[in-house]
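One-letter residues, chain by chain:
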Amino acid sequence: MSRFFNVARGVAWRSIHNTLVNPAILVPSIVFPLFFLIAFAGGLSRISDVPNFHYPPGYTSFQFVFVFLQSAAFGGVFTGFAVARDFDSGFARRLMLSAPRRSGIIAGYALGALMRWALTGTVVTIAAVIAGMNVYGSPAQLIGLLGLGIAMNAVAVLWACGVAMFLRTEQAGALIQMPVFILLFLAPVYVPITLLEGWIHDVARLNPVTAVLEAGRGLLAGSPVKVALAFSGLLVAGLIMGTFARLGLASAEKAG
Amino acid sequence: MAVDVATGAASIRAPRPTASLLEQTLAVGRRSVVRTSRQRALLIFPMVFPLILFAINGSALSAATKIPKFPTDNYRDFLIAMPFIQGAMFVSITAGVDLARDIESGFMNRLAMTPLRGEALLVGQLGGALVLGVIQSIVYLLVGLATGVTLVSGVGGALVLLILSVLISFGFASLGGLLALRFGTGEAVQGIFPLLFVTLFLSSSSLPRNLIKADWFREVATYNPVSYLLESIRSLVITGWDAQALILGFGFATVLLVVSLAFSQAAMRSRLARR
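Going line by line, the protein sequences match chains X and L. So for the first sequence, our numbering puts the first residue at 1; every next one is plus one. So for the second sequence, our numbering puts the first residue at 1; every next one is plus one.
Keep in mind the hints are simulated off the structure, nothing from the lab. Take the hints with a grain of salt, since some may be wrong.
In silico negatives: residues of chain X with every beta carbon more than 12 angstroms from chain L [unchecked claim]:
#, residue
1, Phe5
2, Ala24
3, Val27
4, Ser48
5, Leu95
6, Ser98
7, Val129
8, Asn134
9, Ala140
10, Leu142
11, Pro208
12, Lys226
Only some residues are given here: those of chain X computed to face chain L with a beta carbon under 8 angstroms [unchecked claim]:
#, residue
13, Pro28
14, Gly42
15, Leu44
16, Arg46
17, Asp49
18, Ala174
19, Ile182
20, Leu183
21, Leu186
22, Val189
23, Tyr190
24, Thr194
25, Gly198
Restraint-style ranges between C-beta atoms, simulated for each label pair [as the list claims (entries may be wrong)]:
#, chain 1, residue 1, chain 2, residue 2, range
26, X, Ser251, L, Leu159, 14 to 22 angstroms
27, L, Thr222, X, Leu175, 34 to 42 angstroms
28, X, Phe91, L, Asn210, 52 to 60 angstroms
Even glycine gets a Cβ: it sits at the ideal position worked out from N, Cα and C.
Input sequences plus hints: build the corresponding full structure.
Written out as structure tokens, the structure is:
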């Protein structure tokens, strides 16, 4: 077991180090969520005037939850890009040769993604507070929201690792991020699901991200809804994506 | 004396020393178009991504039409301007990365040994991006019409919209070319892309400026030229023939094109320094 943790720690440290010392990697992962927050919470705040829009903490808080969870997911996605880059450069092959427990590699990347998101999530939260976000949830409920973000980050990085390890090329980037991006935006991003109309309403109802988003918004507002459903969904997704990532690693091992 | 210039996938016959500027431009332009058309896989994402956002946001934000004084009751009519500008921004990256690749691979240095004029090389290099801009504009217009967008300005408006859209695409392509010439690497050009996207976010892309609630955001959107590019396209869809919106749209697109080309020409001169 200690060999597993040694590998995970080494890969995580490298992942975080590479992120922190390379502005080209670090800046976009921080700037993008910030601009989503600015564009949505600032530019679209009039949406809260739509009849039957009811979210007591206000539109900034409403959008913060989406951006917070989105940044968590994209923390995982961006780490997937790094995995793909490691395969493209040949580093991953050397890493697999030297790692006594290769499953530690996935754990290491996942840990790296979590640390990476810790930075982004903190910046986004500070920005939202500065922008006037209202928080009605209790400390326990806010920890619940944080838990949703951590779980979202884990699911996303496992997905990203799986794709990157199956394809082993940087060109996998679009395939890593597009499904995540689309799933996120097919949830009730701008208005509550009750105000969505047409096909997007039907899709949002079936989209598992909707429950996570609604749970997050409920926790921030101090009136939790669908929390158990959200965590259960993320747990199931985590198990599926964990298996997918492990299969990806096996595929990479087989490819040599 | 004709010189064959091998360029990997494509090869062109370099124009004679006596070839006119137009001939030189067309020769380089042909290579650029061929190269762009051979990268189909890389071209699909930039074309499809704005359409995906259009499809999603067109429905997800439809509740916005219930805001008092919203200019239309179909949010897609309002949103259709966005794919044109987003697509144009992607064109800028395609153009910039292609040009940067020529710089990185040394192709530009080899061209410096030919009698090719810098202006021909610059405009010709953007040929592929121009073709891409035309294709994108037509696709976006057709998708818009197919999804229920109605152009109040009619067929004539559709034609003006296409011309304006191509002009905007060429303007952004020139900007991409300028970035490539200044920085010399594709990575740097791609690194600038988020900044371009930010200008789209901080504009009247999702709501009319008069309905933006946050004062600071409305101010930023008012000073952001991208707002006027969007509003000129939007005017043809929603308002009809709005001379002011069209003048501002064509004006800003022309300024972007002229300024980018002017700076690019100076940068090209130093890249093609014949020592």
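**Request:** Could you tell me which of the hints above the structure violates, numbers in ascending order?
**Result:** When the structure is compared with the hints, numbers 2, 3, 4, 20, 24 and 26 turn out to be violated.
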